[in-house]
Structure formats: C-alpha cells, structure tokens
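Same order as they appear, the protein sequences are chains S, Y and H.
Heads up, the first sequence is in this note's numbering, so the first residue is 1 and it goes up one at a time.
Heads up, the second sequence is in this note's numbering, so the first residue is 1 and it goes up one at a time.
Heads up, the third sequence is in this note's numbering, so the first residue is 1 and it goes up one at a time.
Honestly, the hints are just simulated from the structure, not real lab data.
Incorrect hints may appear among the rest.
If you anchor each label on the Cβ, the simulated ranges turn out as follows [claimed, not checked]:
id : chain 1 : residue 1 : chain 2 : residue 2 : range
1  : S       : P191      : H       : N337      : 16 to 26 Å
2  : Y       : Q230      : S       : F289      : 48 to 58 Å
3  : H       : D255      : Y       : G166      : 16 to 26 Å
4  : S       : K371      : H       : N398      : 54 to 64 Å
5  : S       : S76       : Y       : E304      : 28 to 38 Å
6  : S       : P191      : H       : N398      : 25 to 35 Å
7  : S       : P191      : H       : D21       : 24 to 34 Å
All values derive from a computational prediction rather than experimental measurement.
Ideal Cβ positions, reconstructed from N, Cα and C, are used throughout, including at glycine.
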Amino acid sequence: MSVFDQQSTRKPPISQIGAVLWLKTNLFSSWINSLLTLASLYLLYIMIPPLLDWMIFNASFSFGTVNLFGFDIKFSEAMATNQNCGREGACWPYIYEKLYMYTYGFYPRTETWRPNIVFGLTALLFVIVPLVKHYKHKNRVTLSLIILYPLVSYVLIAGGFGLLMPVSTDQWGGLLLTLIIASVGIIVSFPIGVLLALGRQSNLKVIKLFSTLFIEFIRAVPLITILFMASFVLPLFLESGNYFDKLLRALIGIALFQAAYFAEVVRGGLQAIPRGQYEAADAIGLSYFQKNILIILPQALKISIPNIVGSSISLFKDTTLVLIIGLFDMLAMVNLTSNDPYWLGRETEGFVFVTIVMWAILYTMSRYSRKLELRFNTENTN
Amino acid sequence: MKQLLKLTAASLLVVGALGVQASTLSDVQAKGHVSCGVSKGLAGFSSADSSGTWTGVDVDVCRAVAAATLGDATKVKFVPLTAKERFTALQSGEIDMLSRNTTWTITRDASLGLNFAGVNYYDGQGFMVKSSLGVSSAMELGGAAICIQAGTTTELNLADWGKANGIDYNSVVSDTNAQTLSNYDAGRCDVLTTDASGLYSMRAGANDPSEHVVLPEIISKEPLGPVVRQGDDQWFNIVRWSLNAMITAEEIGVTSATVDMVSNNPERERLMGRSGSTHEYVGLTSDWTYQIIKQVGNYSESFERNIGVNTPIGIARGVNALWSQGGILYSPPFR
Amino acid sequence: MKKLILDSLGKSKHRGSNFRDLLYNNEVRAFFFQVITFVLVVGLFYTAIGNLFENIEERGINTGFSFLNNRAGFDILPFLGNIVVDYTPESSNLTVFYVGLVNTLVVAFIGIILSTLIGLLIGIARLSNNYLISKLAGGYIELFRNIPILLQILFWYNLFINIFPHPKQSLAFFDIAFLNQRGLYLPKPIPEDGFLFVTLAFIIGIIAAYFIKKFFKKKHELTGAHTSTWTYTLGLVIGFPVIVYFLIGSPLQFDYAVLGKFNLKGGMAVVPEFLALTFALSVYTATYIAEAIRSGIEAVDKGQKEAAAAIGLSPIQSLKLIVLPQALRVAIPPTINQYLNLTKNSSLATVIGYPELMSTFGGTVLNQVGQAVEILAMAMLVYLVISLFISLLLNYVNKKMEIQGR
Numbered sequence: 001m002s003v004f005d006q007q008s009t010r011k012p013p014i015s016q017i018g019a020v021l022w023l024k025t026n027l028f029s030s031w032i033n034s035l036l037t038l039a040s041l042y043l044l045y046i047m048i049p050p051l052l053d054w055m056i057f058n059a060s061f062s063f064g065t066v067n068l069f070g071f072d073i074k075f076s077e078a079m080a081t082n083q084n085c086g087r088e089g090a091c092w093p094y095i096y097e098k099l100y101m102y103t104y105g106f107y108p109r110t111e112t113w114r115p116n117i118v119f120g121l122t123a124l125l126f127v128i129v130p131l132v133k134h135y136k137h138k139n140r141v142t143l144s145l146i147i148l149y150p151l152v153s154y155v156l157i158a159g160g161f162g163l164l165m166p167v168s169t170d171q172w173g174g175l176l177l178t179l180i181i182a183s184v185g186i187i188v189s190f191p192i193g194v195l196l197a198l199g200r201q202s203n204l205k206v207i208k209l210f211s212t213l214f215i216e217f218i219r220a221v222p223l224i225t226i227l228f229m230a231s232f233v234l235p236l237f238l239e240s241g242n243y244f245d246k247l248l249r250a251l252i253g254i255a256l257f258q259a260a261y262f263a264e265v266v267r268g269g270l271q272a273i274p275r276g277q278y279e280a281a282d283a284i285g286l287s288y289f290q291k292n293i294l295i296i297l298p299q300a301l302k303i304s305i306p307n308i309v310g311s312s313i314s315l316f317k318d319t320t321l322v323l324i325i326g327l328f329d330m331l332a333m334v335n336l337t338s339n340d341p342y343w344l345g346r347e348t349e350g351f352v353f354v355t356i357v358m359w360a361i362l363y364t365m366s367r368y369s370r371k372l373e374l375r376f377n378t379e380n381t382n
Numbered sequence: 001m002k003q004l005l006k007l008t009a010a011s012l013l014v015v016g017a018l019g020v021q022a023s024t025l026s027d028v029q030a031k032g033h034v035s036c037g038v039s040k041g042l043a044g045f046s047s048a049d050s051s052g053t054w055t056g057v058d059v060d061v062c063r064a065v066a067a068a069t070l071g072d073a074t075k076v077k078f079v080p081l082t083a084k085e086r087f088t089a090l091q092s093g094e095i096d097m098l099s100r101n102t103t104w105t106i107t108r109d110a111s112l113g114l115n116f117a118g119v120n121y122y123d124g125q126g127f128m129v130k131s132s133l134g135v136s137s138a139m140e141l142g143g144a145a146i147c148i149q150a151g152t153t154t155e156l157n158l159a160d161w162g163k164a165n166g167i168d169y170n171s172v173v174s175d176t177n178a179q180t181l182s183n184y185d186a187g188r189c190d191v192l193t194t195d196a197s198g199l200y201s202m203r204a205g206a207n208d209p210s211e212h213v214v215l216p217e218i219i220s221k222e223p224l225g226p227v228v229r230q231g232d233d234q235w236f237n238i239v240r241w242s243l244n245a246m247i248t249a250e251e252i253g254v255t256s257a258t259v260d261m262v263s264n265n266p267e268r269e270r271l272m273g274r275s276g277s278t279h280e281y282v283g284l285t286s287d288w289t290y291q292i293i294k295q296v297g298n299y300s301e302s303f304e305r306n307i308g309v310n311t312p313i314g315i316a317r318g319v320n321a322l323w324s325q326g327g328i329l330y331s332p333p334f335r
Numbered sequence: 001m002k003k004l005i006l007d008s009l010g011k012s013k014h015r016g017s018n019f020r021d022l023l024y025n026n027e028v029r030a031f032f033f034q035v036i037t038f039v040l041v042v043g044l045f046y047t048a049i050g051n052l053f054e055n056i057e058e059r060g061i062n063t064g065f066s067f068l069n070n071r072a073g074f075d076i077l078p079f080l081g082n083i084v085v086d087y088t089p090e091s092s093n094l095t096v097f098y099v100g101l102v103n104t105l106v107v108a109f110i111g112i113i114l115s116t117l118i119g120l121l122i123g124i125a126r127l128s129n130n131y132l133i134s135k136l137a138g139g140y141i142e143l144f145r146n147i148p149i150l151l152q153i154l155f156w157y158n159l160f161i162n163i164f165p166h167p168k169q170s171l172a173f174f175d176i177a178f179l180n181q182r183g184l185y186l187p188k189p190i191p192e193d194g195f196l197f198v199t200l201a202f203i204i205g206i207i208a209a210y211f212i213k214k215f216f217k218k219k220h221e222l223t224g225a226h227t228s229t230w231t232y233t234l235g236l237v238i239g240f241p242v243i244v245y246f247l248i249g250s251p252l253q254f255d256y257a258v259l260g261k262f263n264l265k266g267g268m269a270v271v272p273e274f275l276a277l278t279f280a281l282s283v284y285t286a287t288y289i290a291e292a293i294r295s296g297i298e299a300v301d302k303g304q305k306e307a308a309a310a311i312g313l314s315p316i317q318s319l320k321l322i323v324l325p326q327a328l329r330v331a332i333p334p335t336i337n338q339y340l341n342l343t344k345n346s347s348l349a350t351v352i353g354y355p356e357l358m359s360t361f362g363g364t365v366l367n368q369v370g371q372a373v374e375i376l377a378m379a380m381l382v383y384l385v386i387s388l389f390i391s392l393l394l395n396y397v398n399k400k401m402e403i404q405g406r
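The following block holds chain S by itself, in its conformation from the complex (with noise of 0.2 Å):
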C-alpha cells in the first residue's frame, strides 16, 4: 500500500492551453492588437460574403450535360443561354461556352492535340528540371530540354512539316498565346540579355557605349511605348512592300525589352564575381570567350537564377499588354467573346476567369522561384 495517494495533475488553466492561448498570443496580445484583429475580421466581413455570392450562390452553373474523360456529368437539362442566365450572380455557362476560344483562340479544332502536348510538355518542364537535380548529367538534360522544348513546340503549334497541316499566327490565340508570348520572350531574350551584360562590362569601349545606351533607353520607356513602336513603326523601318506578321513584331518588341532586364539582372551577377576568377582565367591563358563561357557565366548565372526567374515573372504578367496592340492573348479574349451577338455583356465573368487563371499561374511561378532561391541560398552559405 503506497503511502501517499498520486493525486491527478490538474489541468493547466483554459488560458494556457490549445485554442484560447493560440487566439491570446496571436491576436489579444494588446488592446491594439484587438482592436486590428476585431477591424481586420470587419473588413473580411464586408469583402467575403459578396464575393461569394456573386461567385457560387447566385452564379449559373446550368452548363447542361457535361463530359469529363468519358463521363456524362448532368449539371442541368440544358445550357443556360445569355438570357435566362440571370444577372445577380456570375454566368459560367458562358466561360464554359467561350473556354475553347480562352484556351486557343482560332486554332482548329481538330488539331487541339497539338497545343495539349505544348502544354503538357511545359509543365513536365517544370517537374523534370528540380527532379534531375541529383542526377549525373543533369546538366546535359536541362541543356538539350531548353534546346528541344522551343523547337518541338514550335514544330506542334505551327506545323507545316510533314503530316502536320500548317497553323499560321493569326489563329494561335487564349492562353496558348500568352504562353507562347511570354516563353518565346524569356527564350529568345536571354542570350541577347547575357551579350548585353557582357557587352556592358565589357572594356571595349564602343560596345560598352552601344550595350549601355540600349539598356538604360529600354528600361526608362514603358512596355507600350515599344510596342507601339514595334507595331507601328517597325514595318516603316523595312523596305516597302515588306511586313512581319504582327505576332512577329510584337515578340520582336518583347524580346528586345526584356534583354534590356535580363542584362541587368546578368549584370548583377558578374559583378558579384570576385575579381580573382577573372584573373585567375587570364593567368591560365583562356580567351575571352573561353574565359566567360567556362568560368565567368556559370557562376554568374547561377547567382543571378531567382532574379532571372522573378524577372521572368514580370515579363508574363506584361504579356497582358499586348491586347493594346490588337494581339488576342487572353485578357483579348473577353473583348471579342462578350461581343458574340448571342452572349453580350459578360465582361465580368471573363475577367474574373482571366484574373483567376493568371493569377493561378503567376502564384505557382513565384512559389517556384522562391523554392529556386531558396535552394541557391543554402548551397551558397555551404
């Protein structure tokens, strides 16, 4: 028989445990920190619930008889047409109506497979290149995917070899031409980017001048300025009777803008390469262009990798612009699929879709990135 009974631990008082000390320290620490805490519930308050209204509780989702991979999905007897689709709330029978001209413009229907595995190809991309990273020749593999990825692409969506019937620019439209808009930009811009920044450190005196000029008179104008420019003073500058197609000049204008931020941004990252390096090239007798290919731009790419992608980022959301110059990327798309006689006035919905869509986008790329940077970060501290 024990001499004392073990009497049961009390329970710590509500205050410290669970929820109510999780709300005490994270949002009653203070009266003020009340006060923001009560004004921030208020203003989720008034925002949320009509958002939500709009969006789900007063919205259509009469889309009919829906197949999804084979299967029949009955939403309602029949399509909701522009009619008796309601005003209250969001039509989304008509993004369901429009998401082909969202998604490819006026690419024919019968060769949608070919921008699906674009699309698919792109977001492999995304998966392969970190999966690789532990991989011996990871280098090669990410080398021959950045060379292969444009070149099959482009072979898919444009056609015109062999079985494949030719799709000319002005049908690539929606999201496929925000996509090709922003990966050709950020594909072709580069390497000029990378002679920029190289061209500006350079010691030539000529070619420092030339490289400085350009970059600092492209980053001081905006985006529409250049392409207007490329729009409508480019086909001035060729002789007569000569014209690119339009999609053309715009990507000419896109290119030609973001190498002026990628050479900064390169730039940044020479600079950060200590001097040493340089010399220690020279010492060892390698050319310029053996001293900056083998020594210089791997380490400085490799510095500059998060700012490379944030800026490409940047560039992706500039896509948007070039519905001023009468491109259908897919912010375009809601101007000209609002104005089909047999859905008109439902500008709303497409942008709500449109902000969705490249939101969801935008959001994933800089989550990517921050993970890139992140992983740079430790193998720099090492």
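Chain S is already provided as a structure; the job is to place chains Y and H on it using the hints.
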C-alpha cells in the same frame, strides 16, 4: 557574310514581289486566301462565335470576295485590327482589303492612298440614354456626361456637334466599346454616343435593354464600307462588284436557297453568269457571282442573319433597305 | 604557347612584326571588334532610317512637327491637365501633349506617396505578432503581386463606378465635398487679391519650422534634452498662414459643387478614372515596396532592437528611432526603382481612358494624325527624362546613405 547573302536574297524577293504585287488578284489566287482586316469584335459586324468562326456583315463582304475570287467563302484570313492600325495594315500590304466598319470620308479616300469600294452599311452617330432620365431629344443634353470610344471619328463629331449647338457636356473616353458600354451601364455617364448600329448592339448587351432609349437625332453621316489600296483597279472592281452583286441579288430576289433555279429573267441570268460576260471584265470565272450568292447569300440574308430584327441586336433595315423599299441601298446595274 | 609568351614578354617589340601576331594581338582585336560593332549599328540605323523616309514618302504620310500646331478638335476628360493648361477642343495638339504630361505627373506624384504609405503599412504589418494581421498582409502581397496590373486597373475602375452612388444620391460631406460615380467633388478655391500674402506666410512658416527643428536637434545633441517640436511646426506651417488669412480678410472664395440636371456642377472634380488608376498603381506597387521594407527591417540586427529595449525605448520609439532608419537604408533603393515602374505603368491608363500622355497624345492624337514616329519619340523622351530624374535621385540618396553609414 551569310547575313549579307540573306539580305540580298530578301531584297531580290522584294523586287520580284513588287512585280507580282501589281495584281492583288493573282497574289490572292497564289496564296489561296484573301487577307481581310476586320474589327477586333463588334457584335453583328465582325465577331467570333464560340468555335472561333468569324461572323457579321463586315465579315460577309470578305467572304463574298473570297467566294468570287477563289470559289470558296471560307478561304479568308481574318486580321483583327484596332482603329489605329487599320490603314497602316492596308498600306503596308499586310491585308488585301479592309472591311472594318470604316467611315468613308474625303480625307481617308483622297489622302491615305486608299479607295472605298462602296457602302455596305449606312450608319450615323446617335445617342442612347436611360429612359428613367426622361430625355427625349439630344438638345436637352446640356451638362450631361457623355461616354464615347477613343480613336474614331465619333470624338470629332461630338465636339463639332457640341460647338454648333452650344451644348456643354463632359466627355468620358474609353478605349474599347465594351468599356464604353460598362461605363454607361454603371452610370459613369448619362449618355452613350456611337454609330447607331453600335448603339443597338450595346443596348442588346445591357442588363435590361428596355431601360434604354435611342434618341432620334443622328448627328453625322457614317457610310461604312470596304476599303482597298489605290493603284489596282481590277481588285478595286472585284471588291466593289462583289458587294454590288449581293445588293443586286436582293433586288431581283435571288437567295442562296433559290440560286440554283433557272428562270427566264435576263438580269438574273446575267447576274448568275449564265449569260453575258461580266466575269471577263473583272478577270474571274463565270460563276463568280453565283458563288457569292450560293455561299454567302444576298445582302438581305447577310443583314438578317447578323444584325436583323431576329438577332439579339435587332436592327431594322431603315435606311439600309433597298431604294425600292424606302431605303437608300442601290447598286448600279449588272449589265 | 610560344606566341603567348612572346606576346606577354615583348608586346611592343613584336607588334606588327608579322600578320599572325597582328591577328592575335589583343589591342588590334579590340579595335577591330569595335569598328565592326560600330559599322553594324550605324549601318543598321542608316538603312532603317533610309527605309523610313522612303516609306513615309511613298505612303503620303506627313513628317515633321507642324502637326503640333494643328487644332486638336476633340474633348479630353476634364481633370487637372485641362485646368492647368486651359484646354478646349480648339487648342493645338501641342496643348494635348501638355495636358497628358500634367496628368501623368499627377498620377505619378500621388501614386508614389500613396504606394509608399501602403507599402510601409503592409511591410510592418507583415512582421506583426498579430497572427491575423500578418497573414492578411501576406495574403495582400501574394494576391496583388500576382495579378497583372492591367487587370487590376480595370478591376478598380469598374468597381468604383459601380459601387459609388449616382450623382443624385451623392455621399455628401456637409454640402462641401461629394462622392459619386462621376468622381470626388471638392470645393474649388478661387484666390482673390492678397492671397499671395497667405502663400508667402505659408512658405515663411515652413522655413521657420525647419530652423526651429534644427535648433532643437542641435540642443538635443548637445544636452540630451529632448523637446517635441511638432506643436511649433503645426503653429508655424498652419497657424501662421491662417492668422494672416483672416487678418487680410479671407481673400479666398470657394466654388462649391451643386446638383445640376444630370451632374454636379462647379467645384473641382477628381474623376474616378484618376482615383482608380492611382489606387490600382499604389496597391500594386505597394506590394513591392512592402517586401522591400520587410527585408529592410529583417536586415536590421536583432541586437539593435534588444539594445533599444534595454535603454528603455518604447516599441514605437524603437521602431521610429532605431529600426526604421537602418531598415530604410536597405529598403530605399529598390523602392525608388518601384517609383519609376509606377510612373511607367501609369501609361496603361489608356484602357480606362484616364487622359494621361499615352492615351491622349500617344492615343487620340496618334490616331488622328498618324505620325507614329514623331509622336512616339516625344512620348518616349518624356519617360526618359522622368527616368533620368529618378536615377539622379537614387544616386543622391545612395550617396547620402553611404555617408551616414560610416
């Protein structure tokens, strides 16, 4: 060096192209399609349906030219253009013709190196207000805020009209007709002004079309029509007479459904290319007008299909009726 | 290898001694490359400009800047630009340029102030120990940073014109200021004779306040006694002009907005296009500024805060006197870059029709006149000058910060 070679080759090609360019028709037949500049989206005039097919009365003019020159109304490459780009695109040769609700004015016809090939819609600038305002005439609009779209003759017309009538107003300018409409709908302005056809299509897109009235005043003449480059009369004739063929077909009552019927009306037989030799004058095959009517339809069919009273836009023929039915639509004879 | 050694040993001796050496001589190569670049760039420009003139002549496009004197003939949304340069449709195209310029600068100026305030607030809130506040600030950054600015401008504009009331149900503030769909109506000040003195008094007040502040600061440095100067400042900058104003006999009239048949008439209208554009640009740019401020604050050594607490400064004092001054050194350069971005992004106003440079001069005038080369060149020049100005500012700030740092 390679670059230089390329450049030389390119310039040789250009010289070659200049020789060929003299004839837009052979150019078009060689390419296999007509490049036609259209609006970026104006309901009933040129807009894309859910499958991406372009429809509208402006679009039908392009299709008629394609049917006449290539025998296939679907062989059109539509180039959507903003108001700013349209003339440059035509001048530079990027498009073969422009059919983009473009007002025929002397400045554009005479000073830009362009030719207007006719009128496919007689329009005029009008005003729309909310019926709740109780306004019945544009003269009562002093002090109102007026929504207009930038980059068109509309802006200039409005300023002229305000000055001439001593009416003081605030103009609210937007870039696209969609934004103009949503401005007006939200109440940013009291009055919406644009071409009357646009007013009707905008009314159709409003939350409640019955809440809006179009005022009786029309403050400008806006004859809209297809445009071609100067200097190629054959192409000019093809575009002009493709449009005229559609109007003539309505006059003599030929539709896409009845086009195959043989009749003893000589004018009809001439139009169908079954007698006479009009096709030789424009350098096309004898069935060129037949193909237009068969594939695109006559003017009335195009009108009713795209903007007529049975469409959401619901425009009555009005001045765009045939001259014989109280309108001003008139085609010179096919003879 | 032999060549290399020879080169490095006796450059001058061997220079030009044979062709091979010449080819591999660094200086010769450098010269050669520069000449090639120069010829290529100049050649490119020469060809392009030659073609330009040929094309312009062929297409019958006018050249030169005489279009600037032509009558504009269209209306511009009445805002500050119209008032400053007195615009009517009878004015010239050059006047349109000035209107656009003024409107661009106004948006940039107000946008910069507003974005800094929001950015500062969000940046600090991001580091708050209040869970909800910190998460909301984080959500704000993630949301607005990842939506293209063009969409945001459209969003705010359409929101404003839809949620503000109709002019007949304006939200009124004592019949002095009104808010409705057509804008924010403020009384329009009309200065009369003698108002100059009030302005003068204001300027004198500012100068005096500056010297008083300087005096007390010196005193603080010498004796350690802290004197709060804000009462003096307030009295001199606000009180003094107010007294002068009433002494002279209220030489200022106000034109209040009154309800007309359709609209409010009179007063000074701040149009919703301006409100939406400024708000959208500020909200978007603030996400970047907030991140800059946050990284600035995080860069301040923790010991600094602890030391501040140890010498008995309150959290507010610690933030104001210790943390922020150090954090700003890190945060200011990226923030100034964002000011340039904000100014450039203001050119997107064309989608909502705010009459800034690119929508009036680079938009309507370009469309009427068609002289893209001249008009775009003028517009680009404006942005170049603004950018140059901001770069100079950045250099100045960097230099000033550097000195303080040592």
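field: Broken hints, by number
entry: 4
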